Each structure stands twice: as C-alpha cells, then as structure tokens.
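When you get a sec, could you build the whole thing from the sequences and use the hints?
Protein chains in written order, with our numbering: chain D, 1 to 335; chain Z, 1 to 792; chain B, 1 to 160.
Hints in this document: simulated from the structure, not taken from any laboratory.
Nothing here was measured: the structure is a model prediction, and the numbers come from that model.
Each statement offered as a hint is correct.
Negatives, chain D to chain Z, calculated, CB over 10 Å:
{"id": "1", "residue": "Phe24"}
{"id": "2", "residue": "Gln46"}
{"id": "3", "residue": "Lys61"}
{"id": "4", "residue": "Ile63"}
{"id": "5", "residue": "Ser84"}
{"id": "6", "residue": "Asn150"}
{"id": "7", "residue": "Pro284"}
Simulated coverage check for chain D against chain B, where a stretch passes if three residues somewhere in it have a Cβ under 8 Å from a Cβ of chain B:
{"id": "8", "stretch": "7-20"}
{"id": "9", "stretch": "31-37"}
{"id": "10", "stretch": "102-108"}
{"id": "11", "stretch": "229-236"}
The beta-carbon is built from N, C-alpha and C at its ideal position, and this holds for glycine as well.
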Amino acid sequence: MRLPEFIYHEPENLQEATNLISEFNGRYGIIAGGTDLMVKMKQRLQNSQYLISLDRIPALKTIKEKADNIIIGSMNTLDDIVNSEIIKEKLPCLKQAAWEVGSPLLRSVATIGGNICLNTRCRFYNQSYFWRSSRETCCKAGGHVCHVTNQEDACYSTFVADTVPALIAYDASIKLVGVDKTRKLSLADFYTGDGRMPNQILKGSNEILTEIEIPIPKDDIRSVYHKFRVRESIDFPLVGVAVMMKGIEEKHCQDARVVFTGVGSAPVEAKLAREKIIGQQLTPDLILEVATMAVSELHPVKTDLMSPNYKRGIAQVLVEKALRDVGGVNNGKDD
Amino acid sequence: MTDYKVVGKGLPRIDGPAKAMGKAIYTVDVNLPGMLYGKILRSPYPHARILNIDTTAAEQLPGVKFIMTGKDVGDVRYAFVDTPRYPADEHPLAIDKVCYIGDEVAAVAAVSETVAEKALSLIKVEYEILPGVFTVEEAMKPDAPLIHEELLEGTSAWEDWGVAQKKQQREAEINVNNMSGHSAISFGDVEQGFKDSDYVREDKFELKATAHCQMEPHAAVASYDPVEDKLHMWLSTQGIFLKRFLLSKTFKMPIGKIRIHHTFVGGAFGGKIDLFPYEFCAAYMSMKLGQPVKIELEREEVFMATRQRHPMVIKVKTGIKKDGTILAQDIKVIADNGGYRGSGPIVVFLCHGFSFPIYNVPNYRYEGFSIYTNSGIRGPQRGHGAPQIRFSIDSHLDLIARDLGMDSVDIMLKNIRHQGDLLPNGDRLNSCGLKECLEGAAKSIDWENKRMQFKAQPQEGRYKTGVGISLCAMFSGAMYYPFASAAIVKMHDDGTATLFTGAQDIGQGSYTTLSQVLAEELGIGLEDVHLVAGDTELCPIDIGSFLSGTALVTGSAVKLAAADAKRQLLECAVEVLGVDDIGELETQDKRIFVKDDPEKSISFTQAIQTSVFKKGGNPIIGTGSYKGYSETDRYPSLAKCKGLFTGAYGFAAHAAEVEVDILTGKVKLLKAVTYHDCGFSLNKTIVEGQVHGCVSMGAGQAISEEIVLEKGQLFNASFLNYQIPISLETPESVDQLVATYEPTGPFGAKEVGEGALAGILGAIGNAVHDAIGVRVYSLPITPEKVLRALKN
Amino acid sequence: MEKTINLTVNGETRSIAVDVNQTLLEVLREDLGLTGTKKGCNQGECGACTVLMDGKPVSSCLVLAVKADGKTVMTIEGVAKDGSLHPIQETFNQKGAIQCGFCTPGMILTTKNLLDKNPNPSLGEIKEAISGNICRCTGYVQIIEAITSLAKEKNARGGV
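What follows is the structure in structure tokens.
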C-alpha cells in the first residue's frame, strides 16, 4: 500500500517541535529515521494526521563527551553510532549492539532514538491492513482481544530493540523534552511493560527524546551484547542479551547487569541473577547457576515464529556465553 | 572435443549491460499514456460463500473508472491443468464462493494507485463463513467439507489440438474427499520384491510450502486498441505463447487478436507460468475502457495469492538385498495443492517422473494424490516435485545404509541408471553421467574422511559437522502447449544476423546461450547477433521457459534455423568459389572458405549479394523448428504415468557439508558440491550461475524457508519473516560439469537450472544426520526441529 | 499536501513538487522516470530500491521524498559515465553476477558505497555489506566473486 495522507512539519529547533506536539496533541506522529514508521504507515498501523520530522534539528545529531558522561543525540543514525570513535573506544557494547540492528541499508537511516522508542512487535500485529481484516482487531491495534493468548485487553507484543539492553547495562539515562518541562530519567524506567503502549512517549507523554546520557564506564567494567536470529542480517533479534560486569579482573564481581531483549514487552533485566553474582568469583558452576536463574525470570510468549520454550533455551545459551566472555572464563570448544 | 568458437565459453550475457545500467525495462517499468492503475480485492477468509457485493460507494469515489466482480465475468474458467479428466477450476473473480485467503473477489481500475486502494476499502462484501480444511489429512476424511462441491464438467482447451486424450471413465475405486488429482503406476511385483528382500524399511517425510521469491513482483499492463480490435499485453511471464493461448481461450478471442510484448522478467522460478486473475482483470478492464490498465501486485500478494511449492507428505518403503541391491520400492505421495487445482495432478505425476530415472528398481509401485485445502494455490516451482521426492527417497536410502552399516554412496552406485538404459515408460537415456556425478561429488566433499558415520570417535564440543549426498534428475522439456519451438535467423547485408525467438530470458541467460548457438552454427561472433525476443507478433512460437526445455528444444530450433541460413549462404558460394558441393565449404568470422584451400573465400556480404541477384531476390532467412519430444504426439497420461515424458534427462549429484550448533539447533551449510550432467555447457558462466542459484534456493528450502500457515492464514508474507538466504549464508560452492553428449540437444546440451536444486535438500538432510546422529524427517530443518530431534 | 524539494539527482540539480506522502522511490520512478530503481517489497526488506543518499545506501521505499530535500541522490542511471559502463557494472557482467537483473541496480550501488569507503574489503566485509540486498537468482556466489575481483583490481591500481 502507499502511504496514507498526512500533514508534514519539519521544525528547526526543539521549541518549535514541542509547540507542534502540544498543538497536535494525540493526532501526530514523530518521524526520526522512519524505517519502522514507514512500514507501519503503509500497513495502516499508524494513521496520524500530522507527521513531525526531527531531521532539521541539528542539536539532536551530536555525540560528545561531557564531564564523566557521553551524550548522544537521539537523531544519530545507527551508522553514526557504529562509526563514532568515542563510542568505539568507550562503549564497545553499544557499538556492537548498534551494528547488529537490521541490515546495513537500515542502519544508514535508522536512528538510536528510533531504536529506543521502537514499538513492540507481534505476529498478529505487524501485518498489513488486509491481513488483519481476517480477524477481530487486536488490542494493540485498537481492539480488545489478544490473538496470542485469547485474553481480553492484554497485550504481550514483544520488545525487540537491540541497543537498549546495552544502554541499560551501561546505566544510561535519557532526556525527554516536553513543551514546558524537561526531564531526565533512567532508560529502564522509560518502558511501561504494557504491550499496547510500551514506552512513555507511545503512551502519550507528548515529549521528544533528545539525548541519551551514558556514564563513561570505569576501566574495570566489561560488557558484551549477544544476539540470536536466524539470519545474521535483516532479522530482528529473537533473543538478545547484554551483560556487564564490574571488577571481575580482581576476582570478585562488584556489580553486574544482565538485560534481555526479545523476551517480554519491555527490556527485561535479570535482577535475581544480578544479586546472585555480586561479590562472587566467576566459575563455570556459578555461570550455569546465574544463567539458569536469569532465564527463570523470563516469560516469553509466542509473538513471533519461535516457541517460548525455544527462546528460553536460546536465552540460556546466550547468557552463559556472555557471562563467560565478560568474565574471561574459557570453555574451550563450546565457544 | 570439437574446437568451438562461441559455445562453451563463459561469455558475458548480452542483456547484462542494460540490466547493469538500469535500462532494462521490466513489466513494472512499463508506462503508457493515459494508463490506469488496477487493484484486486481479495477474500480475507479461507472458505466462505459470497452473499453480496456492494460497490456503490466505491463507484462514487472520484477517479474510479471501473469496478468488476465475478458477476460481470460469469463462468469463465481456466487453469494450468485443463484436461477432460481435470477441467479448469479457476475463475478470474470468485462468483459465489472463495476458497482461500487471497482469493480474488473484485477488481478496480482508477486514475492512481492511491484512488484504487481507497476504492477497494469502500467495496462491501458480505460473506457466510464456511468450515475450512487446512491439512491433507483433514481434507481427505470422509466427512470433510468439500471445497469444490460440484464436479466440474468441461472439455479441455487442448482437445482441438488433438493432444488431450478422450475423456475416460473415472476410476470408481478412488473415493477420496477433496481429491484434485491422482497418479498411479506399478511395474514388477512389489509384494514379491519385499518378500525376496533381506531388509525392508519404511519412512515418512514431510515438506512445507515454500515461496518462489522472484524479486520482481507479478505485474501486467493491458492496452486494448478498439480501432484494430487488438489486445496488447506486457506480462512478467515465462511463456508468452502459453499466456496468449490461455487469454484467447478465456476471452474467446481469436489468438491473432492478442499480442504480448517483450519485457524483461525479474525472476520466475516456475511461479509466472499460470494465467493469473490480475492479468485477466487488467485485460478485461482495458477492453471495457479502451485505456491501458496496469496491475502490479504487492509483495504480500505475491506470497499469498500467486503460487507456492506444494507441501507434501511422502512415504517410501524399500526392500533391499544385503549387497545393497534395491529389489522393491513403494512410494506414496500426498500433495496439498491449496484452494484450486493449480498443478496438483502434474506434481504428483512428476514425483514419479523424477523418482524413476535415478535408480533401477525392478519392482516398483507409485501412487500420488493431490488434495484441495483452503490455502494458497500451489503450482510449478523450480524442480516441480523433484525436491520433495528426491529429498524423501535419498533420505530414506541414507537411513537404510545406516541401518545396514553400509556406505550410502555404495548403495547409490549399485542401483543408479546408466547411459543407454531404457526407462519403463519408453524414454531412453541417451546421455547419463549419473555415475560420474556421484563419484565426483563424493570425492570433492572428501566423503571418506569427513563422513562421521564411519568414525569411531564422536565429535566433541558445541559445533558438529557432517556430510551427506543426494541425486536428482530433470526433464529437458516435455509435451506441453505449444509443444514446439521455432526460430528465425535473418541475415543482414553486413553478414550479421538477427535471431527471432519467442523464448523468454527470465534471468537464466537464454538470450545469450541461444545467440551463442546461432553464432557458432553460422560462423559469426556473438557480437554479430542481434536479438528480437519475447514478442508473440514478431517472434515464432516457443515452448516457453519452463519444464527446462529452452536449451534443448528452443536451442535445437535456433541451431536448425542457423543451419538453414548457412546452407543458403553456402549454396551461393559454391559457384563463386568454384567447388562442387557445399560440403567442401566452411564458415568463420562472417566468411565462407573452401575447407581444403582456405585462401579461397568470400564474405557473407558477397554471398548475400549473390543470393539477392541470382536467387530471386532472396536476402536469406533461415528457419528452424523442434518439438518437445519428437517421437510422440501426445502428452503423457498424468493419471497412469504412461507415455513418453521427455527427450533427455539432466542429472546431478549434490554433496553437502554442514555444521550444526547443538545448543541452538542452527544448521549452517559450509560447503555445497554439485556435479551435474547438462550434456554440454553452452556458456560456462551462465551454467555455473544456474547451479549456484539452485544450490542457494535448495539450501534455503532445506534449512530456513517455509510458508507458515495457521488455519489458512499466511504469517510470513514478507522478506523479513520468510527467510530466504542472504549473502552471509553463502557456502563454499563447488560446481563441476560432467560432460556427456546429448544427441538430441544443440551441441549436446540439455537441461540445467532446475534439477540442480533437487539434490541439495537430501544432501543437507543427510549431512545433518551425519553430524548429530539423529534424523529430522521434515523440511525445513529449523533450529527447533534439530533440538527436538536431539532431545528424543 | 505538496512541498517543493531541491535535490541533486545523478549530478543534476532538480526542483520538484512532491506530495509529502510520496516515498523517494515513488518520486524517482514515477515523477523522474528513473525506473532503474526497483520496487521489490516496498517495506525495506529486500534492497532492490537501494539508492545512494549523500553517498550512503538507503532503501528508497522507506525514505520520504521530503526527507531528501537538500540531499544528493545517486541512482543506477548515474553510475555509468558518458555511456560507458562503470568498472563495477562491467565486472558484474563479466563475472556472471547478473541474472534476472532486478536486484542488480541496488546491488551495484551498495557495492559502490562499499568500495568507495573501503577499497580493500575482506570476504566477510563484502558479505556483510550486501547483506541487506536480496538476490534469488545467483546464490550470491558470482556477486561476491565480482566484488572480490574489483577489490583486487583496485588494489593493483593503487585505488581508484
């Protein structure tokens, strides 16, 4: 299908942008790179009367070091992230995660802000208008039923952004700018866990995501992002996990983060696993125990073409491997 | 071997520059003045009765020019299979019932795509939903709902050609619900064969539907000219003459009133043969409006509502002697052809046709059913039955070899057919390099060293490797409308020539290979050949680029046409050069030489001038024609699997080395080896390209490709979710020609490009078993299936 | 809603009135007649519509035409110079990297971007670079061979 009709705005600064947002309350969509939005508009999953592009706001395209933080403008493309010297050097896990998004053709257009705000996906939802007309409208598309679970008014669509686990593992926070206020919040708190409105912007906060702020990791921090998909390009992650550990070189882990994508309606942090690992020395037995614990915190539902059981198995494999990689525990041939 | 100047070389394709520069015009690129845009309204339900269609609101939308429904068209029927036994069962638009999600209900023509799309949303259709059947097992049950309640009566569109058999009594003993086709044949005594065997095993295999994934979506442009009363069409198709024939029958229009124009075709793979509703509707609306109408399908429509490969359930039972000699084989195939017959009766016939040329089985029984279900229509797809049957039989033989502690290559070698063999239907293998293919492939994959089956020590670690092998055979053209190809070679004053051919280059390179054949035969360079192709008005009849007949059938016609032109040139030279007979002359570089005295020569230009002045003005035009199978005038009986099938079989052996991640279940194809016998390689680069393409498509269908359906609804109608291979999965790919010589083919050439897909599936399946020690009985071998198999 | 955009297409500056809901692909094919850019899926999943925008390969079906305002766009029609094939086009044809040709324009532009920024790509880098461009005909083998030989050629000539 061709794109629906809309009125297009290209504000040249943030003030102008937030003014438009407040004026068009509830009737607008924000377009960053547009790689996800274009498809959803063609599928008539997004039918906003107004489209506000952030293309012409230069302030959103910078990457800079400020005090002990790296500040990334939300309109940097994933390519910009991958090619940034600062990010390559200081945030290798983010670079890795950004590099694993979609295909090269998408990364040259898709933005980090768009990836953070990426809507959740479901095999019953991300379909054409025609496809969806075979069934009752699902609750994510404005109806009341969930075709995955047959429950009413509940949505289990899945969060599949690659960069977010890495960013949460780095303890990133984001800046949200509204018409009369600006706030900063931890990225983890941006997500609602409700498949229908999976983040605060999609829930209608009338704000623009402008910056991501990441504390520069200390030298004793190690992290890695592992992603599983059938094809190593184009595909969304079936499961992805970022693992960060602090102080592991001095034998005992001082802090750790294990954050998944692809297994729930929001990024899922394995909190029990984190508690388990802190203060411990990493051994193969502990890795197995922590990984098992982490996976026990996951409750995927069948929103794509793989079974939840299979996904849990994959999550186990990925997190074990990530823990070994970060902890420097060699497992010989298995890696 | 003869020292050829043009054929056999890896020359770059003649349509390459236009394609590389974006100048090649495909159907989707055709734009005509005043052109309207059409869209199709489809059924969202798999099985439903249409109670009412209200087009009032849509008609009132500004910019809408025409809306058509099944009522306008009436009981017009057509189909790929159209015989007295199996009369056509497809309508351009549903009349009172829809049989699958995507079934065509109405069509709109409007001033823009946007208006046409909007108009579709304004058409209101009232449906009464009917219970559907979604698997062959459900569909065959005695109390299953019937998808086509009425037994269609009709005469074959081809009876006037005398090639269709007279209507025969239906077999009373076959009483299966929702059956759309049935094939059965046996020879020898199967039961006795099993009794005499030392070991008998039976296995069941399952294969899912797959998609062709031509990169160019299906499209049609129709332009009816009321003044000349002529319908002009531009179609993304594999066979312009078949399309013209079907259009003429459906519209009841004289065939000469329809012209199909040339466009390049952005991939076909079997999925652009059938006449499609969008083509009919574009033509119908253009005729009503007197304006051009273009309909281009969305990618989702291509997946859902054109054609798919038949999903199948296949049982194979084999009796074998201790020494590996196969004594008896019993094969049962059930193919799911979806909501309409598609090529159901053909594919169950072809499963036999591609099973029996490989092994010599003295006692053999085959039975195949094609069954209606409420899912998308299944039609020809590269190999058409061969991938399914070859995967099943060679997986089964691999299992037998393992049971008996034998080497599967030894069992294959013991039973394969050889050059000169007469097949049970009467086809003779005039060329057959099966043995050399098998031995070569095994050696190339390092079978003896890499086959885990023979190793004492299991592999350690997460990643296991293994190797497997499988064989395949394919027709080189068969008896199907228009049964023959012709070619015209027109000489120019400068000694160059224009080839007129009705063949379609669908990417397989036929424009180049056919031009090479002409150049070689005539004695000119490839650069001296001009081409006019793919136009029903300008070009002589052609069987079309399917059933793998272009190289052999059209190639032979071109060679004969070139020989005809050459003969005429030589006859003019006889007198000028003072020889007695044209046998004393030879051509090269647009000149005619005396063989024994090459100093004596004249140019083609001089010969043509001589002809014009002395032979009644004849500027020299060569013609040639060739029939699909010269020894028969009927196509084979689909039901009884009798009659001659094809003039020559292409063969291949595939070997695969895979790596299986036992933690994730992911299968990676490391190396694919293809040893193929296409008789003679007309163009090395092009033949290699065909083989690599087959391997990639076959590997995709073995490992990741699957049309995912739930109650008839397709969940992955996109390149995001239908997992076609991408560059990162490209294996090390070895291909090696086993040169035989096919006496009926041009310069000894025969089929390549279809059969070479069929063996890679079994090779991969067998390699996975070799790697992990357990069998996955269904394709594709998804990560989940691997883990499940390992768990059990 | 209409908007006039200014962009450079294949070296030529154009000023075009477009509907804001037109994609760059639609404008190139329908308004500028540059039908060498192909529509394979219209959802950014196949790469047939790849063009270079400010030198980077993008799926033009996912880019709003208005977003190309002020940018430089190269389509396949702009690759050959003065009627003669670009070395990438020439090599693709020589090596059998073209079959049906429908993915070819996008594949060539992606290759151009790769070799422009990295004249000496490894096999892995080549496969990665074209991993968003789907080809059904070739199985990628001869495409990869063509790009590999171009890289070698470039190195032999000291880069182009």
